[in-house]
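> Between the sequences and the hints, there should be enough to build the whole structure, so can you do that?
Number of protein chains: 2
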Amino acid sequence: MRWIRYSTPGNAPAYGLMHGDLIEPVDGDPFDGWKPTGRSLALTDVKIEVPVVPRTFYAAGLNYTAHVKEVGVALGMSLPTQPDMGYRATNALIAQGEDIIVPADATEAVQYEGELVVVIGRKAKHLREEDALSCVLGYTIGNDVSERTWQKSDRTFWRSKNTDTFKPMGPWIETEVDLDALRTEVRVNGEVKTQFRTNEMLFGIARYLSTMTRYLTLYPGDVVWMGTDGVSPNLVHGDLVEVSISGIGTLRNRVVREGQV
Amino acid sequence: MRWIRYSTPGNAPAYGLMHGDLIEPVDGDPFDGWKPTGRSLALTDVKIEVPVVPRTFYAAGLNYTAHVKEVGVALGMSLPTQPDMGYRATNALIAQGEDIIVPADATEAVQYEGELVVVIGRKAKHLREEDALSCVLGYTIGNDVSERTWQKSDRTFWRSKNTDTFKPMGPWIETEVDLDALRTEVRVNGEVKTQFRTNEMLFGIARYLSTMTRYLTLYPGDVVWMGTDGVSPNLVHGDLVEVSISGIGTLRNRVVREGQV
Chain A
10 MRWIRYSTPG
20 NAPAYGLMHG
30 DLIEPVDGDP
40 FDGWKPTGRS
50 LALTDVKIEV
60 PVVPRTFYAA
70 GLNYTAHVKE
80 VGVALGMSLP
90 TQPDMGYRAT
100 NALIAQGEDI
110 IVPADATEAV
120 QYEGELVVVI
130 GRKAKHLREE
140 DALSCVLGYT
150 IGNDVSERTW
160 QKSDRTFWRS
170 KNTDTFKPMG
180 PWIETEVDLD
190 ALRTEVRVNG
200 EVKTQFRTNE
210 MLFGIARYLS
220 TMTRYLTLYP
230 GDVVWMGTDG
240 VSPNLVHGDL
250 VEVSISGIGT
260 LRNRVVREGQ
270 V
Chain B
10 MRWIRYSTPG
20 NAPAYGLMHG
30 DLIEPVDGDP
40 FDGWKPTGRS
50 LALTDVKIEV
60 PVVPRTFYAA
70 GLNYTAHVKE
80 VGVALGMSLP
90 TQPDMGYRAT
100 NALIAQGEDI
110 IVPADATEAV
120 QYEGELVVVI
130 GRKAKHLREE
140 DALSCVLGYT
150 IGNDVSERTW
160 QKSDRTFWRS
170 KNTDTFKPMG
180 PWIETEVDLD
190 ALRTEVRVNG
200 EVKTQFRTNE
210 MLFGIARYLS
220 TMTRYLTLYP
230 GDVVWMGTDG
240 VSPNLVHGDL
250 VEVSISGIGT
260 LRNRVVREGQ
270 V
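Respectively, the protein sequence lines represent chains A and B.
With the working numbering applied, the first sequence covers 10 to 270.
With the working numbering applied, the second sequence covers 10 to 270.
Just so you know, these hints were derived from the structure itself, not from any lab.
It should be emphasised that the depicted structure is a prediction, and the values quoted were computed from it without experimental measurement.
Take the hints with a grain of salt, since some may be wrong.
In this list, chains with the same sequence are indistinguishable; a pair is considered to hold if it fits within one copy or across any two.
Distance condition first, Cα-Cα at most 25 Å in a straight line; then the derived DSS-like pairs of lysine-lysine [as the list claims (entries may be wrong)]:
| id | residue 1 | residue 2 |
| --- | --- | --- |
| 1 | Lys161 | Lys202 |
| 2 | Lys44 | Lys132 |
| 3 | Lys78 | Lys202 |
| 4 | Lys44 | Lys56 |
| 5 | Lys161 | Lys78 |
| 6 | Lys134 | Lys202 |
| 7 | Lys132 | Lys78 |
| 8 | Lys132 | Lys56 |
| 9 | Lys202 | Lys56 |
| 10 | Lys161 | Lys132 |
Quick look at the structure:
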């Protein structure tokens, strides 16, 4: 199944199921229960919203070898020895098609990070690695936009990664996914810049969820961004960034530099 | 005014106004609007809940000189040169009177951090320092419980500070506060262990909110934990930790080590 969160003028965001380019609105939502309505909407007639506003917004950070070597090492980081989890903030979330607004005082080093996003479907603690994926509702796509100068100078990621609009997520949640078959591709203005096998992580999803839930409870609607591979060029005003993950979809957002519109 | 969030058996958490030891339930909440009901409940007849489950849970971290010197330096940190903001996670929140459960594999170095908590009342961006406090609904109390060994060994604070139950917050939100008059006192089993002037921060609340909102939007219900001063003894099974801030109240939680009950 493919869950979409959408809105129509004057109405609060709601969930529906995708059937091709049609949306079937549901009563309820994928986390607390739902009923089909039999109604139908065209995808072109709605605004796609962020697929979920998470209660807690987790991010794995350094989780692919090439990314650690090419970005992490420049920032003084070494290869993680255990799956430590970081956080991002919901203020920064934007939906499919919304603009990434780069503040006027940001440096040129604004880059994308295309990521697989795990959406938690049920409350979970003390998951064993072998059945850790049982708490997962499905998968979506994230772009962990980062200002590298601030990432290096600041004590935390509050500004480098959590400036408003720096966390595009979407377009929808796909529940049927063959993790090992997934490929991530990032294009800028249609040109392929980064490609990697999505599931070739230092620490896989099950390992992360199992480790995390030794200490913390996951809740329905929590999201876990799994990190990225490779490097990004610096993004400039007007760039269209597309993060595609095969079997899920494509997350598209344009870059706008404040003061240049 | 003093806002309390409470529940009664079989009912969802609700907001009320405190009048001495009586609660006046309201229709609505302090963030989206409310109406008085004229009804009354005894404080002893309700369960006090976490005063708000924040959309984003900010924490200033190192914001008092003595704490940086005595805890930060041991962890390789130096005095911050600008107000960078960190994050905590809502999974870890517990309310007044609930137990801090220390996992069986935690070391002995589990410590309190008594903190002033700023509760945001309205959406805000680009606040000037001189009127930054205009977005504040009121203040409550937090205990930023920390496992110092994990804090040092892990790449993030996911486990050292965000293990379930490590973030007591409450008991209520006080809207009328003279910041310069506040004093924080932390007692363990009735014995005073830490005392400091609450508002003697490296970077004050207005400076933080102004700096943060250059880049991010604050939302109603967001909380900002302002950091702590001094050091804590290691907490052991059975300890009662009380964080008092004059003019606000006292946050009380007992320490329970897993496997010792």
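> Provide an ascending list of the numbers of those earlier hints which the structure does not satisfy.
6, 7, 9, 10
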